[in-house]
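A.B. asks: Residues per chain, in single letters:
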Amino acid sequence: MSDTAVATMPFAAPVEVETPRKVSLVVLSGDMDKLFGAFIIATGAAAMGNEVTMFFTFWGLRALKDADAKATGKTLFGRMLGMMYGGGIEKAGPSKFGFGGMGRWMFGKMMKSNNVSSLPELRDLALDLGVKMYGCQMSMDVMEIPQDTFVKGVQEPVGVGFFLAEAEASHTSLFI
Amino acid sequence: MSDTAVATMPFAAPVEVETPRKVSLVVLSGDMDKLFGAFIIATGAAAMGNEVTMFFTFWGLRALKDADAKATGKTLFGRMLGMMYGGGIEKAGPSKFGFGGMGRWMFGKMMKSNNVSSLPELRDLALDLGVKMYGCQMSMDVMEIPQDTFVKGVQEPVGVGFFLAEAEASHTSLFI
Amino acid sequence: MSDTAVATMPFAAPVEVETPRKVSLVVLSGDMDKLFGAFIIATGAAAMGNEVTMFFTFWGLRALKDADAKATGKTLFGRMLGMMYGGGIEKAGPSKFGFGGMGRWMFGKMMKSNNVSSLPELRDLALDLGVKMYGCQMSMDVMEIPQDTFVKGVQEPVGVGFFLAEAEASHTSLFI
Numbered sequence: 000m001s002d003t004a005v006a007t008m009p010f011a012a013p014v015e016v017e018t019p020r021k022v023s024l025v026v027l028s029g030d031m032d033k034l035f036g037a038f039i040i041a042t043g044a045a046a047m048g049n050e051v052t053m054f055f056t057f058w059g060l061r062a063l064k065d066a067d068a069k070a071t072g073k074t075l076f077g078r079m080l081g082m083m084y085g086g087g088i089e090k091a092g093p094s095k096f097g098f099g100g101m102g103r104w105m106f107g108k109m110m111k112s113n114n115v116s117s118l119p120e121l122r123d124l125a126l127d128l129g130v131k132m133y134g135c136q137m138s139m140d141v142m143e144i145p146q147d148t149f150v151k152g153v154q155e156p157v158g159v160g161f162f163l164a165e166a167e168a169s170h171t172s173l174f175i
Numbered sequence: 000m001s002d003t004a005v006a007t008m009p010f011a012a013p014v015e016v017e018t019p020r021k022v023s024l025v026v027l028s029g030d031m032d033k034l035f036g037a038f039i040i041a042t043g044a045a046a047m048g049n050e051v052t053m054f055f056t057f058w059g060l061r062a063l064k065d066a067d068a069k070a071t072g073k074t075l076f077g078r079m080l081g082m083m084y085g086g087g088i089e090k091a092g093p094s095k096f097g098f099g100g101m102g103r104w105m106f107g108k109m110m111k112s113n114n115v116s117s118l119p120e121l122r123d124l125a126l127d128l129g130v131k132m133y134g135c136q137m138s139m140d141v142m143e144i145p146q147d148t149f150v151k152g153v154q155e156p157v158g159v160g161f162f163l164a165e166a167e168a169s170h171t172s173l174f175i
Numbered sequence: 000m001s002d003t004a005v006a007t008m009p010f011a012a013p014v015e016v017e018t019p020r021k022v023s024l025v026v027l028s029g030d031m032d033k034l035f036g037a038f039i040i041a042t043g044a045a046a047m048g049n050e051v052t053m054f055f056t057f058w059g060l061r062a063l064k065d066a067d068a069k070a071t072g073k074t075l076f077g078r079m080l081g082m083m084y085g086g087g088i089e090k091a092g093p094s095k096f097g098f099g100g101m102g103r104w105m106f107g108k109m110m111k112s113n114n115v116s117s118l119p120e121l122r123d124l125a126l127d128l129g130v131k132m133y134g135c136q137m138s139m140d141v142m143e144i145p146q147d148t149f150v151k152g153v154q155e156p157v158g159v160g161f162f163l164a165e166a167e168a169s170h171t172s173l174f175i
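Residue numbers (numbering that gives the first Met the number 0), protein chains in the order written: chain A, 0 to 175; chain B, 0 to 175; chain C, 0 to 175.
Just so you know, not all the hints are guaranteed correct.
Just so you know, same-sequence chains aren't split out, so a pair can sit in one copy or run between any two.
[To be verified] Below 30 Å or equal to it, Euclidean Cα-Cα: the simulated DSSO-like pairs (lysine-lysine) are:
1) Lys-21 x Lys-69
2) Lys-21 x Lys-108
3) Lys-111 x Lys-73
4) Lys-21 x Lys-73
5) Lys-90 x Lys-69
Calculated directly from the structure, the hints in this document are not laboratory data.
Note that the structure is a prediction, hence the values are computed from the model and not measured.
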């Protein structure tokens, strides 16, 4: 039924509260190229008027880390993981042609010369646009990555049930 | 229209059969971290009252394998693949920091100390919760992995058309 | 309300224009196995009467390349990327067990003996079935891959907003 039809109906119609359009993303990958995809989709969707939820898990948690945060990990394994996978989002390398960091540097150059924003810039833009970012509580526990190593603006950690409820309310949900 | 409104309507309303809420997953990856993601989402969605369909293809087929099943492969290539990619779901390593099996062992330790279920436990839980798991017929043919190497409870193999129909009926579909 | 009920309604009902069922795919990966998944889903969905949109970005752009196209890249980095990631879709290797090209050859053999179409054949079939394929403008700029290196039938490049609008109109959207 069209909006016009509703407006001219001679009897009381149930008030239709417009539910916001939503997009939800699970971000498991910590690769530069996939994180670019995630943040480009998130900022694009937010700019188009969607509520956007990003749920970061496993390697994707790197995307939330503050570059100046202290090293993570309490146990031996956790500290090893913190060292191997240390640094913030700007340390993410591409899923192909990493070449021990050269791939990241090369892509960074090529993106800059095409006026493409960097990953930290895209993340900041996403936060500015109201994109809601959540760390997966279970991954944070297992990988020993505490909330206080994340950048400002990241929401409190949630579980998979939270993501699933968001996904159900979304017109588009992607696993990245 | 609310349930109450329907119940009090003075004339015969068409009976609305409530269609179940559905979640569908394609699982192409055989990496430990992605399989964790897949089974955590599947068991979470099932616990929230969804019908859940998992469609396993390519490397994802490992997730269905019985640890005690015989080696797979008929042709030389098939046997090579069976050897290289042998073993069940408990042999899956992470997509990063594999270190020839050490990464898997390390993550296993960290998960156990956080009381996170193992992959075989999560798969069993999913089956107990009624999650429907299917092998992709074409991948099984190409990779020479027969149905009798799968754990009990896995459905008969299906094609992509089956998955697409499930996805169309689902509120959330993810490619993992 | 059932179709029958609409047909027997004694007053003018609003004409319902049937909107086509749609499926949308983002293809970021250039791995053989994931491209197979993408094109099998795309051709299956098209055969089932869906409008299908494929949005290729980053490594996925390889899937659009004409095997006979000239090498890509203008800057030093772009030419390096063009050399490292040269060739068309038939050069794509699996995400595991690449073995410097042997994995690709082995999988090719196994697929052929199971009468599975090759990637170029699947792409042609998809185009014949009306699947719409788009390169991501930003990735094409960054990776210095011009439109004239793509096979015939590929649409003009688009941005992420185009994909998001397609995804919103789709019953199933996947990130591959």
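A.B. asks: Take the hints in turn and mark each one as holding or not.
C.D. replies: Checked hints:
1. Lys-21 x Lys-69: neither (34 Å within a copy, 42 Å between copies)
2. Lys-21 x Lys-108: neither (34 Å within a copy, 37 Å between copies)
3. Lys-111 x Lys-73: between (37 Å within a copy, 15 Å between copies)
4. Lys-21 x Lys-73: Result: close neither inside a copy nor across copies, 37 Å intra and 39 Å inter.
5. Lys-90 x Lys-69: Answer is within; shortest intra-copy Cα gap is 15 Å, inter-copy 33 Å.
Violation of the numbered hints given earlier is confined to hints 1, 2 and 4; the remaining hints are satisfied by the structure.
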